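Residue strings, one per chain:
2 protein chains.
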Amino acid sequence: MKFKVKLFPIKTDKYVVVMNQSDADELGLLEGDRVKVIYDSRNSFNATVQIAVGMIDRGEIGITSCIEDRCIISEDFEVKVVPVPKPKSVEYIKKKLDGGKLGKDEIYSIIKDIVDNTLNEIEMTAFVLSSYLNGMDFDEIEWMTRAMIETGETLSFERGIVVDKHSIGGVPGNKISLLIVPTIAAAGLLIPKTASRAITSASGTADTMEVFADVNLHIDEIKEITEKVGGVIAWGGATEIAPADDKIIHVEYPLAIDPKPQLLASVMAKKGAIGARYAVIDIPTGEGSKVPNVEKGRELANDFVEMGRRLGLNITCALTYGGQPVGRAVGPALEAWEALKAMEEKRGSASLLEKALGIAGILFEMTGKATNGYAYAKELFESGKTLEKFMEIVEAQGGEKVKSDDIPIGDKVYKIKSNFEGAVVGVSNQRIVKIARAAGAPKDKGAGVYIHKKKGEIVSVGDDLVTIYAEKDWKLDNAIEVAQKEPPILVSGMILEKYPSYRYV
Amino acid sequence: MKFKVKLFPIKTDKYVVVMNQSDADELGLLEGDRVKVIYDSRNSFNATVQIAVGMIDRGEIGITSCIEDRCIISEDFEVKVVPVPKPKSVEYIKKKLDGGKLGKDEIYSIIKDIVDNTLNEIEMTAFVLSSYLNGMDFDEIEWMTRAMIETGETLSFERGIVVDKHSIGGVPGNKISLLIVPTIAAAGLLIPKTASRAITSASGTADTMEVFADVNLHIDEIKEITEKVGGVIAWGGATEIAPADDKIIHVEYPLAIDPKPQLLASVMAKKGAIGARYAVIDIPTGEGSKVPNVEKGRELANDFVEMGRRLGLNITCALTYGGQPVGRAVGPALEAWEALKAMEEKRGSASLLEKALGIAGILFEMTGKATNGYAYAKELFESGKTLEKFMEIVEAQGGEKVKSDDIPIGDKVYKIKSNFEGAVVGVSNQRIVKIARAAGAPKDKGAGVYIHKKKGEIVSVGDDLVTIYAEKDWKLDNAIEVAQKEPPILVSGMILEKYPSYRYV
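Protein chains in written order, with my numbering: chain A, 262 to 766; chain B, 262 to 766.
Keep in mind the hints are simulated off the structure, nothing from the lab.
Just to be clear, a hint being listed does not mean it is correct.
Note: identical chains are not told apart, hence a pair may lie in one copy or across any two.
[Said to hold, decoys possible] The list that follows gives simulated cross-link-like pairs (lysine-lysine, BS3-like), each with its CA atoms no further than 27 Å apart: (1) K356 x K695; (2) K508 x K349; (3) K521 x K356; (4) K347 x K508; (5) K676 x K602; (6) K746 x K341; (7) K265 x K349; (8) K695 x K676; (9) K733 x K639; (10) K715 x K347; (11) K347 x K551.
Every value quoted in this text rests on a predicted model; they were computed, and no experiment measured them.
Using the sequences and the accompanying hints, generate a full structural model.
So, in structure tokens, the structure goes:
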């Protein structure tokens with residue numbers, strides 16, 4: 262059937278066509294069915310059917326104007342619409358739902374259809390949940406990883422040893438990449454780090470780095486900068502590296518799930534795609550982080566190492582303490598400030614420096630750069646080479662040299678003070694993040710939380726526990742309300758049941 | 262934040278608001294997040310966020326104009342938008358995903374949010390898949406059934422015994438309700454039958470009945486007609502009886518799954534909501550139907566009986582032969598013709614009459630109307646009382662008295678003939694449906710397939726196997742193409758591997 266086009270200015274993951282009910286019935290189409298839209302006598306695209314109410318007459322078709330940045334159709338087009346069958350990959354998803362093991366080609370076809378936006382949300386959700394509930398074996402995870410790499414852009418370097426690090430997330434204030442990348446690059450290794458933006462956290466590494474420089478880099482810019490200065494901190498979302506991952510996250514987010522097969526494949530695909538030969542995986546462990554205890558952490562670590570073996574990638578996992586935020590600052594500008602301040606002063610929060618230099622050290626030992634990696638990392642850091650390299654990277658990414666105290670922090674400020682005397686027995690990751698987000702993070706770069714007292718520290722009545730920063734009064738008010746309803750710092754005496762008392766980190 | 266409204270004429274299950282990326286960032290909103298849209302200073306509705314590309318400036322908001330038939334907002338509105346948290350029911354879905362057992366209130370909250378369109382497709386899919394993969398116990402299924410009844414309209418009759426029948430589907434040509442309902446009503450029982458339209462089949466009972474009369478009846482019309490003539494055949498989708506069901510089907514359809522807990526709850530809720538005290542569940546069993554073998558059929562039958570016991574509803578299940586179509590006609594008008602012809606001539610296809618009168622008979626025995634129910638049903642049918650009552654029902658639903666030969670059938674006709682000599686060893690349910698749908702069914706009432714030779718029948722070279730009917734030439738061509746690619750009738754000699762040889766039904 263032929264239709265006259267009406268445009269809808271909605272950005273969708275895939276083309277949606279909006280049809281009159283009678284036309285849809287005529288073609289035997291139900292909402293959610295797929296059609297091929299043929300325009301221009303030769304060109305076509307696939308789209309999903311929605312039923313219109315009013316304003317779309319018979320013979321007319323509404324089309325969402327663009328997917329991502331591609332806009333092909335305009336109002337004066339006449340198009341032909343033909344129903345198309347469900348893609349084969351839906352059968353494979355069904356097979357996995359029913360407990361079957363997928364073959365290499367079947368997984369490839371699913372990942373390809375995810376990347377091409379051929380699958381709808383229901384089908385995507387079914388895929389993710391089938392592996393959440395039925396799991397995948399190592400073969401399947403390996404094939405999924407390879408499919409994710411192959412359906413996206415990849416990097417390769419003519420010379421040099423490429424390394425990487427990845428944190429599986431779940432602990433706030435984890436600005437360690439800002440210290441690790443320049444330390445590694447300062448030692449002559451290559452580290453083309455792609456990082457994420459916050460989804461549910463207060464700041465992703467990409468958000469934090471953006472305080473200093475542009476992070477929306479294309480893959481050839483990442484390559485060029487890495488070849489020039491040894492390292493880069495870019496937003497992975499601006500590249501087409503393992504693009505299936507973002508689309509999978511889109512359906513995981515509403516359900517707050519992160520199935521292990523997808524987690525493993527996503528991390529390994531990103532490392533594989535940039536051509537890394539050595540990588541450290543940071544697995545924050547402890548109450549309120551993604552991995553509740555060391556046993557689970559070890560299990561996951563084993564899986565990562567096995568996947569590395571299969572993909573020819575040398576993996577070491579670092580189980581790190583994730584029971585409270587890393588360092589004291591949470592929020593893009595505050596974290597940027599804390600990281601830069603540490604580089605400038607060559608000292609800082611023990612949890613931040615030990616973790617960052619410890620992970621850099623592991624990479625030095627894996628690559629044979631040093632026998633005592635931590636000592637070597639510390640030496641680079643204390644000699645000022647880390648800071649120097651960081652500024653080179655910032656400038657290569659189009660930023661300017663700055664001092665930590667020049668970084669603008671939100672000027673709406675509120676301090677939460679202690680009404681009790683005692684010791685801090687808990688700093689809640691979730692509550693700190695909730696307050697920082699209510700204050701405006703990650704969108705308002707200057708918004709966030711500074712933690713004055715961490716676990717094990719002694720508190721007197723009237724002492725500052727946290728300071729909330731915001732750029733807008735109403736957001737500060739929101740954040741204060743959140744903090745008062747759910748206090749982020751627990752001082753002994755406030756609660757009946759005491760938390761296990763961890764050593765101050 | 263305040264916004265100026267721009268309207269989108271798209272019918273959606275729930276309100277969607279389309280925002281500028283910067284406004285969404287400002288409010289900390291991601292695609293798929295929920296907001297409350299406050300208009301008119303007092304009134305508000307919940308909506309899901311989508312991100313615009315172009316044409317929506319900062320401070321503007323696109324709103325889909327209507328959900329279902331309610332359209333509240335117009336262009337000149339100014340609205341306030343506030344983020345709202347995920348509904349509690351998402352937590353419960355998560356609990357079920359993780360293998361937990363849901364409580365009564367938790368299930369109610371999920372079903373209520375499904376009915377209110379509060380859950381998005383990803384969350385709905387997660388709910389359906391959690392019970393597909395983790396199952397539900399009888400408590401949970403009972404609570405889900407009760408929740409489905411309570412969140413919709415219900416019927417009750419001051420006097421009379423209310424009975425019902427339900428076929429779980431999967432076998433084409435199953436026009437038995439057109440014979441059962443008038444037979445039952447002719448005996449003085451009440452049978453307010455709500456039926457479905459075809460989703461993937463060639464004709465639902467509602468589509469077939471629509472050939473004779475209006476099936477879009479409101480619940481009070483269903484009551485009124487049942488009280489007047491004893492029976493009705495209405496489209497359930499026009500009522501608000503167990504409305505959760507349609508919404509659940511919406512996410513089951515793309516995955517072609519029908520989890521047992523949802524199947525049980527959906528059927529039982531519909532029977533419970535109309536106040537039935539006795540019901541027969543028809544479970545078509547056999548190759549190419551929903552239930553592959555008798556063992557599975559018995560299992561399902563046990564579950565239905567147990568659910569009936571819990572809900573105070575007397576259930577008998579009939580395992581019926583579903584390995585080939587019921588009767589010989591498939592498609593709305595053809596099926597209407599076959600049913601009416603049988604009533605007029607008091608004879609017809611054995612599979613149709615045995616099944617319809619058998620099920621009516623079971624209801625007569627359950628209610629104590631007869632000790633030999635089948636004989637009683639046959640007597641009513643052969644005396645002409647079934648036909649007489651059917652015409653009363655048709656007229657009560659606004660239709661006119663017709664003769665079977667007045668029913669218009671598609672005039673584009675093609676006969677498929679046998680190239681072989683032998684016996685029919687298979688009639689494929691799926692292929693017959695595929696041909697009928699390609700020919701235009703169920704939208705084109707006159708389209709469908711007539712089967713000349715069924716299993717066990719002897720075929721000579723040149724004999725008609727099936728006749729395809731269509732209303733349009735191009736659809737007939739499509740159907741012929743489908744039939745040639747995937748022949749619906751298997752004659753021995755055409756295939757190497759022989760099907761089990763069933764007795765002719």
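Results for each hint:
no. : hint        : result
1   : K356 x K695 : between (39 Å within a copy, 22 Å between copies)
2   : K508 x K349 : both (19 Å within a copy, 25 Å between copies)
3   : K521 x K356 : both (19 Å within a copy, 18 Å between copies)
4   : K347 x K508 : both (19 Å within a copy, 21 Å between copies)
5   : K676 x K602 : within (22 Å within a copy, 84 Å between copies)
6   : K746 x K341 : between (57 Å within a copy, 25 Å between copies)
7   : K265 x K349 : neither (30 Å within a copy, 44 Å between copies)
8   : K695 x K676 : within (16 Å within a copy, 69 Å between copies)
9   : K733 x K639 : neither (39 Å within a copy, 80 Å between copies)
10  : K715 x K347 : neither (54 Å within a copy, 30 Å between copies)
11  : K347 x K551 : between (36 Å within a copy, 20 Å between copies)
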